[in-house]
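First to last, the sequence lines map onto chains A and B. FYI, the numbering for the first sequence is 1 to 118, going by this note's numbering. FYI, the numbering for the second sequence is 1 to 112, going by this note's numbering.
All clues given are correct.
Sample of chain B residues facing chain A (criterion: CB under 10 Å; computed from the structure): (1) Tyr36; (2) Lys40; (3) Ala42; (4) Lys99; (5) Phe102.
Derived list of chain A stretches under chain B, where covered just means 3 residues or more per stretch with a C-beta under 8 Å from a C-beta of chain B: (6) 41 to 50; (7) 104 to 112.
Simulated from the structure, these hints should not be mistaken for laboratory data. Every residue gets a Cβ at the ideal spot worked out from N, C-alpha and C, and that includes glycine.
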Amino acid sequence: GAVVSQHPSRVICKSGTSVKIECRSLDFQATTMFWYRQFPKKSLMLMATSNEGSKATYEQGVEKDKFLINHASLTLSTLTVTSAHPEDSSFYICSASPFGGLSNQPQHFGDGTRLSIL
Amino acid sequence: EDKVVQSPLSLVVHEGDTVTLNCSYEVTNFRSLLWYKQEKKAPTFLFMLTSSGIEKKSGRLSSILDKKELFSILNITATQTGDSAVYLCVLRGQGGSEKLVFGKGTKLTVNP
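Build out the structure end to end from the sequences listed, making use of the hints.
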């Protein structure tokens, strides 16, 4: 079945550091991937839609200069949290589905990245 | 505004019990309804429902969609402690949109 791999699974770093999170579709191509953020005991909140070969689409209230998204190939999207601060600490999850928006395949999620900024 | 409401928000049962998780929605023109299970990591896919009245089954879990009543249920029979998780009901948009609308989830705790 479709597998989405996310790396790293856990990051602990100092305030001011930039952190890059990778999301890969392992056995399918994904023209679109999604990045979510999840706060404790809350549901997933869509941050942005990552589009291969073009600019990402950000949800209202999400700073695009803070959360840089690059989708350079059909199997890889990256989210970079720039100059991270403690309030950026959260669980970040990506998702993708085979064949993108025209498919009837479910979205599959990566295992998530727990980011802790000290 | 599109909305997905899950109930109950929290449920505690004993091993062997049968549970029914509810999902009602107010979403215009959705393509499919999905159920996911989330433990400590990211959600794992359980079912995708597109047609009304057709039950999907996987082991002790089953789910069905009623498009007339705008409702779906997820049943788990003979629950086990490993079923403890948050169960998410999610709707996916029509056409080329992949945007998902999430319910808040039902937290199921199965005690031995």
